[in-house]
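Asker: Listed in order, the protein sequences are those of chains A and B.
The first sequence finishes on residue 1061 if you use our numbering, and the numbering steps up by one all the way, no holes.
The second sequence finishes on residue 397 if you use our numbering, and the numbering steps up by one all the way, no holes.
Since the hints were derived computationally from the structure, they do not count as laboratory data.
As the structure is a prediction and not an experimental result, all values here were calculated from the model.
Ideal Cβ placement from N, Cα and C applies to all residues, glycine included.
A few of these clues could be false.
[Claimed, not checked] If you anchor each label on the Cβ, the simulated ranges turn out as follows: (1) B:Ala282 <-> A:Val840: 26 to 36 Å; (2) B:Glu315 <-> A:Arg902: 57 to 67 Å; (3) A:Ala887 <-> B:Lys373: 50 to 60 Å; (4) B:Asp370 <-> A:Arg962: 49 to 59 Å.
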Amino acid sequence: MEIFGVPAQALFGQLLIGLINGSFYALLSLGLAVIFGLLNIINFTHGAQYTMGAFVAYLLLNKLGLGYWAALVIVPLLVGATGVVIERFMLSRLYQLDHLYGLLLTFGLALIIQGLFRNAYGSSGLPYTMPEQLRGGQNLGFMFLPNYRVWVIVASLAVCLSTWFVIEKTKLGSYLRAATENPALVQAFGINVPRMITLTYGFGVGLAALAGVMAAPIYQVSPQMGGDLIIVVFAVVVIGGMGSIMGSIVTGFSLGLIEGLTKVFYPEASNTVIFIIMAIVLLIRPAGLFGTQK
Amino acid sequence: MKKRLLSTLIAGMCALAAPVAQAQISDGVIKIGVMNDQSGLYADIAGPGSTLAARMAVEDFGAAAKGMKVEVVFADHQNKPDVGSTIARTWYDVDKVDAIFDVPTSSVALAVSQITREKGKAFLVSGAATSDLTGKACSPNTIHWTYDTWMLANGTGSAIVKTGGDSWFFLTADYAFGHALERDTEAVVLKSGGKVLGKVRHPFPGTDFSSFLLQAQASKAKIIGLANAGGDTINSIKQAAEFGIVKGGQNLAGLLVFITDIHGIGLPTAQGLIFTESWYWDLNEPSRAWAKRFAAANGNKYPSMVQAGVYSSVLHYLKAIEAIKTDDGTKVIAQMKAMPTDDPLFGKGTIRADGRKLHPAYLVEVKKPAESKAPYDYYKIRATIPADQAFRPMDQGDCPLVKK
C-alpha cells in the first residue's frame, strides 16, 4: 500500500520518529508555558538550561560515576536549584517592568551559559553512553525501533500529563492558577506567593534539565544543542498559546508529527514548516490555538 | 499587551537565531583576518584554533625579526553568507585587512571570494570544501589550500566502490558544500561502476537525523554517504548506530570527517570509519612537534587539517610578501603561485594556475579503542594518494582562468 507515493510502512516509521521529536518539544514547551503562566517571563534561558541538564548528566557520569537513572533524578534538582537562585536574585527584580527586560536578562544568561560550556568543552560535543537497560531495540517489521526512543515517548508523556494534572486538578494547582490571576488576593489568604513563584520557576527549569538528560544519549552533548532546539520550541509555544499547559503538550507532539511528515515529502522544508504554521496561526488566532485572549 | 508580548518574543527568537557578530579592530602593516565559525557546529574544526594557527605561523615566520609588522584579527561568520560578506567588506574597506584566511562553510567562502576579487585583495581558503572555488567560481585572488570536495570524493568514494560498496544513498547537508560533495562523489561512484539509489537533503544545521536515516535504510543501498560535516556528521553517525543501521548490513561513508569529530563521537562508535584527510598530526616528526605545541596552547585539543592548513597558508603568504615587498592582494597571490611551497606540515608542494594548492591526501581508517595508545591516536593510514592524483585535473574544472 502506498500513500502519495510513499510506502505506508515507511510512513508509520516516520510518524513514530516525529512523535519522538515531539516528546522533546512538548517537554520543553511545557516548562516554558508553566513559567510564563505564573511569572509572565519569557524564559530565553530555557535552551541553555536544557544544555546544562545534558552537561551535568555527563559530568555526573564521568566525574562521579553516577549513571543515567541517578542523573534523571539529581540533574533536574541541581539545575532547578540554579533556577531558584536566578529567580530569587535576578528575575524577581523585573516583575514590575516590561517583558523586554526579562527577555534581555534571560537571553544574556543563555549566551553566558552557552559560552562557558563552549570554552570548557569545545563545539564538537561529548558522547554520553546509553544506559545498559535501554540499549538495543525492537524490529517492528517496518522499522527498527530503538528501546531508548520508546522510553523517551513514555517518560515524556508521563511527565507532561502529571504536570497538567497537578496544575489543573489539585489544590496546589488551584493556588498557582489563582496566584496568576490575582497575586495580591491569594497572598491575603495567607499563601506565600513569592515562594510559590520561585519554586515554579525552579520546576520549569528542572523540566528543561530533565529533557536535557533524556536527550544526552541520543544527541551529542554539545553547547549549541539547546540553541538549535529552543527556537523551534518557542514557535511551538506561540502556536499552542502562551501559558496554556495542555496547549503546549498537544502542540508539541503534533508539530513533531507534522515535522516528521515534512521530512518525507519535502525534507528541505522540514526546519521551516513549523514557522510557516506559526505565521498562519498568528494570522488566524493571534492568541494561539489553545490560548485565551486577555 | 498580548501583541507587545508576541513581538518581544519574536524579536528574541530572531536574536537567538543570529547572535551578535564580533570583529576585532586593529591597524598595522600586514593585516591577516581569520574568518570562521567561532561558536557554532564548525568551531572545533576551525574556530579559535585557526586563529591560533595563524598566530603561530606569524611567530614561526619571524616577522618581527625581519622588520615586518603583522597583525592577526578574527571574526565569527556564524556560517551565514550575509554575515560573512558584511565582515569581509568591513575588513577590506574600513579595517585595512589585506588577506582573509580559513572561512569554512562553502556558501560563505564563495561570497567572500567574490568580494575579495572586487577589492583586489587575497583570500586563502582552508576550511571550505567546495571544489567550485577552483572550478567555475575560481578567482585570481583566491587560493584553495587544504582539501576540497573532489579530493574527498575521489579518495573515499573510489576506495569504497573498489571494496564492494557499489550502491549508494546520500544524506546531504542542504547548502553549497553538501551539494558539491554529493555531486563530486556521485560522479566518482558512477565512474567506478557503482550506482546511486537515492538522496535526501537535510536542513543545515540539523539535530535529528533518524528520519533521514530511515529513508536511507529503506533504499537498501549498501553505502550511506554522509555529505555533511561537523556536528551534523557526528549526530548522523551516532543515530545510525542507535537505529541498528550498521548492524543491519549497511555501511556509512563519512565523506568529510575531521579528527575533532572522531574525538567527539568516541572510538567505540567511530571505529572502522574510512575517510580522506590531507593532514594528520601523527604523520611525521615536524607535524607531531607542531601539533603538540598547538595542543598545549589550545586546551589540549589537537589540530584539525583545516587548522594545519591555516598555518601553512599564512606562512607561504608571508614568504611571498617578503619576496615581492608588497601586500597588494593580486600580486601576492600571483607570487604565491609562482613560488613552490614548503612548510613543516604539508612538506613541499605547488599551487596551480586555477588556485589549487597541491599536496598528497591520505585515506585513513579509525582505530579500534584497543589500538589507540594516546589521546588523539585515532587513525591508521590505509593509503597515500600522491599530490598529482589527489586533486581534480585542472582541465576538468571549467575554471575560466585556465585556457584549455
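Asker: Okay, B:Glu315 versus A:Arg902 on CB: inside 57 to 67 Å?
Answerer: 59 Å, holds
Asker: Honestly, do B:Ala282 and A:Val840 meet the 26 to 36 Å range at C-beta?
Answerer: 48 Å, violated
Asker: Quick one: are A:Ala887 and B:Lys373 within 50 to 60 Å, going by C-beta?
Answerer: 31 Å, violated
Asker: CB of B:Asp370 to CB of A:Arg962, is that within 49 to 59 Å?
Answerer: 54 Å, holds
Taken one by one, the earlier hints fail for this structure at numbers 1, 3, listed in ascending order.
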